[in-house]
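S.K.: These are the residues of each chain, in order.
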Amino acid sequence: MQFPILTTLIFTPIITGIILLLMPAEQKEWIRRVALAAASVILLLSLFLYFSYDVGRGGYQFVESAAWLPQLGIGYHLGVDGISLPLVLLAGLVIFSGVLVSWNVEDRPREFFSFLMFLGASVLGVFCALDLFLLFFFFELAVFPKYLMIVVWGYPKTREYGGMKLTLYLFIGSVIALVGTLAIYFGSGLRTFDLLALEQAGFPLEFQRLWFPFVFLGFAILGGIFPFHSWAPDGHVAAPTAISMLLAGVEMKVGAFAALRVAIQLLPEGAQYWAPAVLFLATINVVYGAFIAMVQTDFKYVIGFSSVSHMGLVLIGFATLNRDGLIGASMQMFSHGVMTALFFAVVGMVYDRAHTREIGSLGGLVQKMPWAAVGFIIGGLVSMGMPGFSGFVSEFPVFMGAWQKAPLVAVVAILGILITAAYIFLVVRRVFFGEIPAELDKSVGDVSRKDKLVIALLSLVMILLGWFPSLLTRLIEPGVQSILALMGGGR
Amino acid sequence: MDWIYNHLLSLILFTPTAAALVMLLLPKEKTALLRNFAFAASLIPFALTLVVWAGFNPQAGQALPFQFVEKANWYSAIRASYHLGVDGISLPMVLLTTLLTPLAILASYSIQERVKSYMILFLLLETGMLGVFLALDLLLFFVFWEVGLVPMYFLIAQWGSKNRNYAALKFVLYTMGGSLGLLLAIQLMGVAVGSFDLLELYQRWPTLTELKIPLGLSLPTVKAIAFWAFVVAFAIKVPVWPFHTWLPDAHTEAPTAGSMILAGVLLKLGAYGFLRLVLPLFPTESQMYAGALAFLGVAAIIFGALGAWAQNDFKRLIAYSSINHMGFVVLGIAAAAALLETTSPAGMLDKNIALNGAVLQMFNHGLSAAGMFFLVGVLYDRAHTRDLNDFGGLYALLPVYGTVLIFTAMASLGLPGLNGFVSEFLVVRGAWPVMTLATALAMIGLFFTGAYILKALKMVLHGPLNTRWKDHLSDMTGRELLVISPLMILMLALGVWPAWLLDMINRAVAFLF
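Protein sequence lines, in the order shown, are assigned to chains A and B.
Quick note on the working numbering: the first sequence kicks off at 6 and runs consecutively.
Quick note on the working numbering: the second sequence kicks off at 873 and runs consecutively.
These aren't lab readings, by the way, just hints derived from the structure by calculation.
One or more of the hints may lead you astray.
Said to hold, decoys possible - Below are the DSSO-like pairs computed for lysine-lysine, each with C-alpha atoms no more than 27 angstroms apart in a straight line:
id : chain 1 : residue 1 : chain 2 : residue 2
1  : A       : Lys373    : B       : Lys1034
2  : B       : Lys1042   : B       : Lys988
3  : B       : Lys1330   : B       : Lys902
4  : A       : Lys162    : A       : Lys447
5  : B       : Lys988    : A       : Lys455
6  : A       : Lys455    : B       : Lys900
7  : B       : Lys902    : A       : Lys457
8  : A       : Lys373    : A       : Lys447
9  : A       : Lys455    : A       : Lys373
10 : A       : Lys457    : B       : Lys1084
11 : B       : Lys1342   : A       : Lys373
12 : A       : Lys447    : B       : Lys1342
13 : B       : Lys1342   : B       : Lys1330
14 : A       : Lys33     : A       : Lys457
15 : B       : Lys900    : A       : Lys373
16 : A       : Lys170    : A       : Lys33
17 : A       : Lys447    : B       : Lys1327
18 : B       : Lys1342   : B       : Lys1327
19 : B       : Lys988    : B       : Lys900
20 : A       : Lys457    : B       : Lys988
21 : B       : Lys988    : B       : Lys902
22 : A       : Lys457    : A       : Lys447
23 : A       : Lys33     : A       : Lys455
24 : A       : Lys410    : B       : Lys1327
25 : B       : Lys988    : B       : Lys1034
26 : A       : Lys373    : B       : Lys902
27 : B       : Lys1034   : B       : Lys900
Said to hold, decoys possible - A few chain B residues facing chain A, derived, Cβ under 7 angstroms:
id : residue
28 : Tyr947
29 : Ile950
30 : Val1015
31 : Glu1018
32 : Val1019
33 : Leu1052
34 : Leu1056
35 : Ile1085
36 : Leu1087
Even glycine gets a Cβ: it sits at the ideal position worked out from N, Cα and C.
Construct the complete structure from the given sequences, taking the supplied hints into account.
M.R.: As structure tokens, this is what we get:
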């Protein structure tokens, strides 16, 4: 038997989280170092997975399988394919960055980093799970650290509201998804939660059409689908920086990913049937989210709503159910994750120093924190789909997919790009250029070296991917092929 | 050595980027080092272009006129490749770009603040522009088409004059907005044909008979819509009336070197898009709508000239003159579009002449507009005003400047013996038999060209001397003469002996159309 690398990947943060809780609370420096060490291990392991995945062979690799509750058909079954591996890498990047930008958390860092690790374990677990029960287990594992981190370390004014709203929304979503999941379990007649077995179950058409909306919508709420998106901006804004990064950067992908893995892969005929409805909602996501982002006066809300807009493109890509659309959606999940993590990191850096997020009271910050400005600009260019950055190579295939399925969607959704460009340029100009307000001139200093490392790392990933999209599509292509095979072909 | 020779175009394309990356590591206080480094780095693509020029064989008997072709996998998941090549249309544009960039950098030695970021952006801009001219893949074309906006936006917004924020945003949103249709059309074509390779699209898109896209529209309608999407994107960039309103603002607010590149190269991107993409990909539609295109071109000529005539801001005047001159490029393209499927020998000849004129006019306007903007900048650096009413009688004070200005202005005006005359004559000669009325109207526009140029010369150089300038203005420095002299030499050379360039253009034009 080979080395259980996925188990190591998932349990590194869990064990680290426990160790952190056992450490004395006043050893703040050591707590940070332990967290950083664990985050580095996670990043290195995910990089190792990225480089050692055998593209030629495709399919699920690094598979681990053990009986867990055989009486109920529940197994400990892990594996990654071309769709989930980029997301594992994304999680590794964002957890690592999240630890670095949280270095200055002085309020109970022990619990903070410990919960951060549990959250990381949860997302990694979802991406690697090949058992429906296990997937759900990890999916729900996120609830308590998410809620606590928002209400304890969040933005004092809105943290109770934001945390409660987010938790309730996601709770409702997971209840709906759970109902659908149980229907799948019983409907299959196989008495197993194993995803690979369920993929071959061949559910009847009527069954698929009936249950697809439950499973898909339940998970897609976490992906921010309209009209159930409003938890996202409120929750993101209320959360502390690292949690905003993880929530918008990775957790929203968890929702989208689970919707793909469970709803679309298990119920492909249902997906075909409901695709027009999903396309419709997701198109609203793209355009409406961009419009709302444009009128925000709070720096962080702009980014919060931009996530709603961008996740719409992921959902459009899913709903096309064709090769180009799915490739684009997978690319967009990764690209948006990195981009929004960088955005929230920079917003946090600005807020920590300026103590305000009102766009009107900021200005000229490029003189004080040039790295943050450049990072935000690069994130903004990704966001508006500027060629040369990862956003373009991700959105483009989504649109190609949309052309094949529903051309009108492509024509309408492209407006999102122009609106995004408008608000990004405006925000960049108001926050980073122009006159610097006098009180900021005195109080604001440059970002730390760890912050610079985060900015450089995430920016570099987005530029590299923009010029060399094949770095990821080499994985994604075979992954998409096997999804298409479930639909009986594709092109 | 072989490797270098086989990858010359990539080297031309990415040397500026590499130099920009190196500059990131240089200390930002050493402005002299930064300037000289950027200048030296920008000379490398120029030298390499000369190597390509020397190795380019205008009479090569290949199936396609593209040479120095490179092709490699790029975004294979959606069937786009890294495909570069030059022909007689793109090579002159590459030469123009690699020539104007070092000159513009030299002209930017007067920039004092944030020299490092400025030079880095300028070098990145060069890569963006070159990529458009070199790309033989539609997706790659679009990537470079858009990516150049970013450095240009920041050059205007950071180093421009008073109204720079408004102008920069207007510039970028206009261009991006115009490109949305282009982007959609490119996606549609990529999906319909299954490839973004330009050479393949040349073969298969115009002859497409069946559309695999559930649009509910007939194929000719879809093609017509795609045609207009392309036309609008390029018309905004050229710019053609009525899409020109971003230009006077952007040009006026941009720093001198930015205006040189904007007028000298960026406007050519639009015209180049017409030649490289619109005519070959949409022959039927181009022919059908040639009249409309000619109308827009003539409107640009006349309104551009009238607009220029009405200006009292020297720089704004030159900005409007760009609209006027680029109108001739559009007129030439429209005339060729009308004759695209002609078989009569006379018609073939007219078409060739018009296209030769259009391409040559692109090159010529690049020289003269860059020169004029530079000269406006020279004056502005000294006087800190651009209001024509503030000047007068400067010839006596600045004889060298006055001479250079008159020379450049005459080239711009189309004086026989200088370059502008040759290309405008060719366009008019080629367009006359097909579009007599439009051409005749364009000639009237040409009259106003003379009027506004002479107005500018008169208000700056002649008349009574405005005494406030006495002892306050100094004549051109050696560096400034170094910037303008290559342009002047080329203006004269193309005026008296244009054959060296026309040979190259003619072969590509005759093949492609």
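S.K.: Now tell me, hint by hint, if it's right for this structure.
M.R.: Consistency of the hints with the structure:
1. Using a Cα cut-off of 27 angstroms, the hinted pair A:Lys373 and B:Lys1034 holds, with the two alpha carbons roughly 23 angstroms apart.
2. Proposed proximity of B:Lys1042 and B:Lys988 is supported: the alpha carbons are some 25 angstroms apart, at most 27 angstroms.
3. Between the alpha carbons of B:Lys1330 and B:Lys902 the distance comes to roughly 42 angstroms, so the proposed pair goes past 27 angstroms and is violated.
4. Among the hinted pairs, A:Lys162 with A:Lys447 is consistent with the structure: their alpha-carbon atoms are about 26 angstroms apart, no more than 27 angstroms.
5. A threshold of 27 angstroms between alpha carbons decides the hint, and for B:Lys988 with A:Lys455 the separation of about 24 angstroms falls inside it, so the pair holds.
6. For the proposed pair A:Lys455 and B:Lys900, the alpha carbon gap of about 22 angstroms is at most 27 angstroms, so the pair holds.
7. Proposed proximity of B:Lys902 and A:Lys457 is supported: the alpha carbons are some 23 angstroms apart, at most 27 angstroms.
8. Taking the CA atoms of A:Lys373 and A:Lys447, the gap is near 10 angstroms; set against the 27 angstroms cutoff, the hint holds.
9. Distance check on the hinted pair: A:Lys455 and A:Lys373 sit about 16 angstroms apart at the alpha-carbon level, within 27 angstroms; holds.
10. Pair hint A:Lys457 plus B:Lys1084 does not hold up; C-alpha atoms about 48 angstroms apart against a cutoff of 27 angstroms.
11. A hinted pair counts as satisfied when its Cα atoms are at most 27 angstroms apart, and B:Lys1342 with A:Lys373 does not qualify at roughly 43 angstroms.
12. For the given pair, A:Lys447 sits about 44 angstroms from B:Lys1342 by alpha-carbon distance, which is inconsistent with the 27 angstroms threshold.
13. Taking the CA atoms of B:Lys1342 and B:Lys1330, the gap is about 18 angstroms. The hint holds against a cut of 27 angstroms.
14. Restraint check for A:Lys33 and A:Lys457: the C-alpha separation of about 22 angstroms stays at or below 27 angstroms, so the hint holds.
15. Taking the CA atoms of B:Lys900 and A:Lys373, the gap is about 16 angstroms. The hint holds against a cut of 27 angstroms.
16. The hinted pair formed by A:Lys170 and A:Lys33 fails the criterion: a straight-line CA distance of about 31 angstroms is larger than 27 angstroms.
17. Between A:Lys447 and B:Lys1327 the alpha-carbon distance is near 51 angstroms, which puts this suggested pair outside the 27 angstroms criterion.
18. Taking the CA atoms of B:Lys1342 and B:Lys1327, the gap is near 22 angstroms; set against the 27 angstroms cutoff, the hint holds.
19. At most 27 angstroms may separate the alpha-carbon atoms for a hinted pair to count; B:Lys988 and B:Lys900 meet this at roughly 6 angstroms.
20. For the given pair, A:Lys457 sits about 19 angstroms from B:Lys988 by alpha-carbon distance, which is consistent with the 27 angstroms threshold.
21. The straight-line distance between the Cα atoms of B:Lys988 and B:Lys902 is roughly 9 angstroms, inside the 27 angstroms bound, and the hint therefore holds.
22. Restraint check for A:Lys457 and A:Lys447: satisfied, since their Cα atoms lie roughly 21 angstroms apart, inside the 27 angstroms limit.
23. Under the criterion of a C-alpha separation no larger than 27 angstroms, the hint pairing A:Lys33 with A:Lys455 is consistent with the structure, at around 17 angstroms.
24. Annotation: proposed proximity of A:Lys410 to B:Lys1327 is violated, straight-line Cα distance about 58 angstroms (limit 27 angstroms).
25. About 22 angstroms separates the Cα atoms of B:Lys988 and B:Lys1034, which keeps this hinted pair within 27 angstroms; it holds.
26. At roughly 21 angstroms between alpha-carbon atoms, A:Lys373 and B:Lys902 fall within 27 angstroms of each other, so this suggested pair holds.
27. Straight-line distance between C-alpha atoms of B:Lys1034 and B:Lys900 comes to about 25 angstroms, which keeps the hinted pair within the 27 angstroms bound.
28. Look at B:Tyr947: its Cβ gets to within about 5 angstroms of chain A, closer than 7 angstroms, so that hint holds up.
29. For B:Ile950, the shortest C-beta to C-beta distance to chain A is roughly 5 angstroms, which falls under 7 angstroms, so the interface hint holds.
30. This hint holds: B:Val1015 has a C-beta 4 angstroms from the nearest C-beta of chain A, less than the 7 angstroms allowed.
31. For B:Glu1018, the suggested interface contact is upheld, since its CB lies about 5 angstroms from the closest CB of chain A, less than 7 angstroms.
32. With a least beta-carbon distance of about 4 angstroms to chain A, the hint placing B:Val1019 at the interface is held under the 7 angstroms criterion.
33. Restraint check, B:Leu1052 versus chain A: the minimum CB separation of about 5 angstroms is within 7 angstroms; hint holds.
34. Hint status for B:Leu1056 relative to chain A: holds, with the closest Cβ pair at about 6 angstroms, below 7 angstroms.
35. The beta carbon of B:Ile1085 comes within 6 angstroms of a beta carbon in chain A, closer than 7 angstroms, and the hint placing it at the interface holds.
36. Because the closest C-beta pair between B:Leu1087 and chain A is about 5 angstroms apart, less than 7 angstroms, the hint holds.
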